[in-house]
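Engineer: Start from the sequences, fold in the hints, and give me the full structure.
There are 2 protein chains.
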Amino acid sequence: MTASQVTLSSLITIAQQTRLAALRLAVLATEERNAAIEAIAQALESAQDDILRANIADCEAAIADGIAKPLYKRLQLDEHKLRDAINGVRDVGKLVDPIGAVQVHREIDTGLILKRITCPLGVLGIIFEARPEAAIQIVSLAIKSGNGIILKCGKEAVGSCEAIVKAIKKGLSQTAVNSDAVELLTTREQTLELLKLDKYVDLIIPRGSNSFVRFVQENTRIPVLGHADGVCHLYVDFAADINKAIRIAVDAKTHYPAACNAIETMLVHADIAATFLPQVAKALQGLNVELRGCDRTCQFLPEITKATSIDWETEYSDLILAVKIVDNLEEAIIHINSHGSKHTDAIITENTDNATTFMSLVNAAGVYHNCSTRFADGFRYGFGAEVGISTQQMPPRGPVGLEGLVTYKYQMTGNGHIVADYTGEEPKLFTHRDLDY
Amino acid sequence: MTASQVTLSSLITIAQQTRLAALRLAVLATEERNAAIEAIAQALESAQDDILRANIADCEAAIADGIAKPLYKRLQLDEHKLRDAINGVRDVGKLVDPIGAVQVHREIDTGLILKRITCPLGVLGIIFEARPEAAIQIVSLAIKSGNGIILKCGKEAVGSCEAIVKAIKKGLSQTAVNSDAVELLTTREQTLELLKLDKYVDLIIPRGSNSFVRFVQENTRIPVLGHADGVCHLYVDFAADINKAIRIAVDAKTHYPAACNAIETMLVHADIAATFLPQVAKALQGLNVELRGCDRTCQFLPEITKATSIDWETEYSDLILAVKIVDNLEEAIIHINSHGSKHTDAIITENTDNATTFMSLVNAAGVYHNCSTRFADGFRYGFGAEVGISTQQMPPRGPVGLEGLVTYKYQMTGNGHIVADYTGEEPKLFTHRDLDY
Numbered sequence: 008m009t010a011s012q013v014t015l016s017s018l019i020t021i022a023q024q025t026r027l028a029a030l031r032l033a034v035l036a037t038e039e040r041n042a043a044i045e046a047i048a049q050a051l052e053s054a055q056d057d058i059l060r061a062n063i064a065d066c067e068a069a070i071a072d073g074i075a076k077p078l079y080k081r082l083q084l085d086e087h088k089l090r091d092a093i094n095g096v097r098d099v100g101k102l103v104d105p106i107g108a109v110q111v112h113r114e115i116d117t118g119l120i121l122k123r124i125t126c127p128l129g130v131l132g133i134i135f136e137a138r139p140e141a142a143i144q145i146v147s148l149a150i151k152s153g154n155g156i157i158l159k160c161g162k163e164a165v166g167s168c169e170a171i172v173k174a175i176k177k178g179l180s181q182t183a184v185n186s187d188a189v190e191l192l193t194t195r196e197q198t199l200e201l202l203k204l205d206k207y208v209d210l211i212i213p214r215g216s217n218s219f220v221r222f223v224q225e226n227t228r229i230p231v232l233g234h235a236d237g238v239c240h241l242y243v244d245f246a247a248d249i250n251k252a253i254r255i256a257v258d259a260k261t262h263y264p265a266a267c268n269a270i271e272t273m274l275v276h277a278d279i280a281a282t283f284l285p286q287v288a289k290a291l292q293g294l295n296v297e298l299r300g301c302d303r304t305c306q307f308l309p310e311i312t313k314a315t316s317i318d319w320e321t322e323y324s325d326l327i328l329a330v331k332i333v334d335n336l337e338e339a340i341i342h343i344n345s346h347g348s349k350h351t352d353a354i355i356t357e358n359t360d361n362a363t364t365f366m367s368l369v370n371a372a373g374v375y376h377n378c379s380t381r382f383a384d385g386f387r388y389g390f391g392a393e394v395g396i397s398t399q400q401m402p403p404r405g406p407v408g409l410e411g412l413v414t415y416k417y418q419m420t421g422n423g424h425i426v427a428d429y430t431g432e433e434p435k436l437f438t439h440r441d442l443d444y
Numbered sequence: 008m009t010a011s012q013v014t015l016s017s018l019i020t021i022a023q024q025t026r027l028a029a030l031r032l033a034v035l036a037t038e039e040r041n042a043a044i045e046a047i048a049q050a051l052e053s054a055q056d057d058i059l060r061a062n063i064a065d066c067e068a069a070i071a072d073g074i075a076k077p078l079y080k081r082l083q084l085d086e087h088k089l090r091d092a093i094n095g096v097r098d099v100g101k102l103v104d105p106i107g108a109v110q111v112h113r114e115i116d117t118g119l120i121l122k123r124i125t126c127p128l129g130v131l132g133i134i135f136e137a138r139p140e141a142a143i144q145i146v147s148l149a150i151k152s153g154n155g156i157i158l159k160c161g162k163e164a165v166g167s168c169e170a171i172v173k174a175i176k177k178g179l180s181q182t183a184v185n186s187d188a189v190e191l192l193t194t195r196e197q198t199l200e201l202l203k204l205d206k207y208v209d210l211i212i213p214r215g216s217n218s219f220v221r222f223v224q225e226n227t228r229i230p231v232l233g234h235a236d237g238v239c240h241l242y243v244d245f246a247a248d249i250n251k252a253i254r255i256a257v258d259a260k261t262h263y264p265a266a267c268n269a270i271e272t273m274l275v276h277a278d279i280a281a282t283f284l285p286q287v288a289k290a291l292q293g294l295n296v297e298l299r300g301c302d303r304t305c306q307f308l309p310e311i312t313k314a315t316s317i318d319w320e321t322e323y324s325d326l327i328l329a330v331k332i333v334d335n336l337e338e339a340i341i342h343i344n345s346h347g348s349k350h351t352d353a354i355i356t357e358n359t360d361n362a363t364t365f366m367s368l369v370n371a372a373g374v375y376h377n378c379s380t381r382f383a384d385g386f387r388y389g390f391g392a393e394v395g396i397s398t399q400q401m402p403p404r405g406p407v408g409l410e411g412l413v414t415y416k417y418q419m420t421g422n423g424h425i426v427a428d429y430t431g432e433e434p435k436l437f438t439h440r441d442l443d444y
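Residue numbers (the working numbering), protein chains in the order written: chain A, 8 to 444; chain E, 8 to 444.
Note that these hints are calculated values from the structure, not bench results. Bear in mind the structure is a predicted one, so any value in this text is a computation, not a measurement. Check before you lean on any hint, since a few could be wrong.
Each pair may be met inside one copy or between any two copies, as identical chains are not told apart.
For lysine to aspartate or glutamate, the following EDC-like pairs were computed, each having C-alpha atoms within a straight-line distance of at most 16 Å [unchecked claim]:
(1) K76 with D187
(2) K122 with D443
(3) K435 with D85
(4) K162 with D98
(5) K101 with E45
(6) K206 with E320
(7) K203 with E225
(8) K206 with D236
Structural biologist: Dropping the structure here:
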């Protein structure tokens, strides 16, 4: 047996245990799951000193390894961040229970009743990077939705996450939830093995760089919730209110340029370019945004860099914005559908017909009119939580709340009903009568 | 350029045209799509002679090729079958419009309104075998749901399907739907290329043998709607009503053994085995069902074949049933969750607690109590149509109606709203108020 086989077989054992614990967790009452979430919050409070001490050790080791500054900031967990995370756990406890919801309730025939009921997915695999408090949030969402969870943290955060998961398991041990429902993996080899466990893991949520997410998507048969790129567009129509357009362009580009819902390309209708471009350029450049323009844009803004074809497909995640002039709405829509990432795209216009056309024809999870793409977020949508943003075509799409961690099953109850009675010569007829929920 | 590259590039051109037509189709009003469906029905009626003549030619060629009898029966299209298929088209026209449904309608803040609205997926790829009328049904469902469609038919049915698609395109040419929205592929090479077009095709629905569906699932990055295996179980509890159990076992095994919702394994509680097994064996064997039993089953039914481990995972699609004695409900659930295919599993019991436990803990799209697994079907569920049955864990799961051909997008309308106003020192608060639908 090779070392890799040993890893895989021990990981399968872990996953089987998590699956078994998840099966029991799935049938617990709302109150039992909420009690487990409160126990997690209390256990994290009790373990505060251990967790912060482990984090200091992680941070010292990371500095010795020459960690990059942004990564260091995400790794660092102080008393304040930990308290916020624990408050977040209690907030999850207050959310509406996502499981057991009746979506269909229908009489098929007298005494034959069909129900579609939401239920947990099973076991979630979450792969995240440096932020140790990510483990806290996602575990509480998993328990709330009745799912087991296998966490894999970045190597810098191993000590912190081990302290966190130890506390969580200790908290769970006092509750109806078996602590096997939460497991932590710490090595890169385990990540690769985790992606192979399609018999035991029902959903992978990768949190990390675009290239990492793409790697996960391309290397597993398990469904993946998340997105690689966020190439969002702002289209400024000829009928745009220029003040709104500038205000929204500034927000969507500069408020948090590293966010996936920040814009990367601005499309400008030719008829408004002469007036709009100098003003928006002044506002953006005043906030240190580098503009890269198409040939026609550069005629209005001769000082900026010329954009190349790569710019139209790039998520800069930085204070850079590509700008292109288009001759009409259709050209804008075609550009977005060809170069976008189906995340979130906005039109600025006072023309309602154009807004309607844009929102119908742009193929993206979010299509916005006269507001910033930065609203694309589960909390801002009022979901109470966000487990990821999906840019795939099939649901769940866009910002995904707890809804993304559940599935459903059809339950049918009869009294000896058989299909043969509903076929053949004198078939019984179905009533198909919807019942109260 | 190799021959394969030529095929791929021409297929991309076809897919791009279908996609463009689909984009226009997506924004048509309900009435326009329904008018197109009626035009298809009329065009098929007008082309009846051509279609039937093409089918006779297909059938003659198939006989000359030594086609198997069941396949020949599926290939054959008479006046009666064609009329039923055309009636089916008109039935689809009467279904509730699956697109434009508002699923979320929420005020995020004053003047900032979020809507989640169902919309078409884009382009569907449907790969089916011999039955030419399958093309008719699926095209009408695609047009109803606003999707373009690329059909690939089995080689035996090429002539029939060409005649059908020609009529459909002629019908569409009189309507608001561009006839490019429907395309037909006819070669096996095109199937392989189609599976690569994840930029142009949004959903693949394979209709064929289990091994073919598995091949499709393993060879495309496009989402696949369907299932390979249907290993359904019937568990007869100690508290079963024996008459119901026999009646349901007979229906679930013999009514249509080739259906995916037929049972393949029957689990019997040890306490009821001595009474139940001889009676159910008599009923099933009287209908030519071959039983294959575990060791303990064979003690009660010494004349039957012994089951091997392969039997517990096999979809016979035939008059064969594996039978196993279990000591308790938990053992039955573990067996089903380990060996089943997450399709549909039933418990026969008069004990409500056991039924509830079974329905909660069995991980399948359908969990039934005291009724036949054969009810697992979109029409029987009252969906008006069935595009496939999914055994995956994530939605859509189980029998899938028109709902499986649509996705949704979030539309947000504001009046210059930016995210910066809702963060920082004195943030504005979201109202998150649900509005009427």
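Engineer: A separate judgement is required for each hint: does it hold in the structure or not?
Structural biologist: For each hint, the structure was consulted:
When the C-alpha separation of K76 and D187 is checked against a cutoff of 16 Å, the pair qualifies neither within a copy, at 35 Å, nor between copies, at 54 Å. Proximity of K122 and D443 under a CA criterion of 16 Å is satisfied intra-copy only: 11 Å inside one chain copy versus 25 Å between copies. In this homomeric assembly, K435 and D85 never come within 16 Å of each other (Cα to Cα): the closest approach is 68 Å inside a single copy and 27 Å across copies. In the homo-oligomer, the alpha carbons of K162 and D98 never lie at most 16 Å apart, since the shortest distance is 29 Å inside one protomer and 58 Å across protomers.
For the identical chains of this complex, K101 and E45 are intra-copy neighbours only, at 10 Å inside a copy versus 51 Å across copies, given an alpha-carbon limit of 16 Å. Taking the closest pair of Cα atoms, K206 and E320 come within 16 Å of each other only across two copies (15 Å); inside a single copy the shortest separation is 36 Å, beyond that limit. For a Cα distance limit of 16 Å, the shortest separation of K203 from E225 qualifies both inside one copy, at 12 Å, and across copies, at 14 Å. In this homomeric assembly, K206 and D236 come within 16 Å of each other (Cα to Cα) only across copies, at 15 Å, whereas the closest approach inside a single copy is 28 Å.
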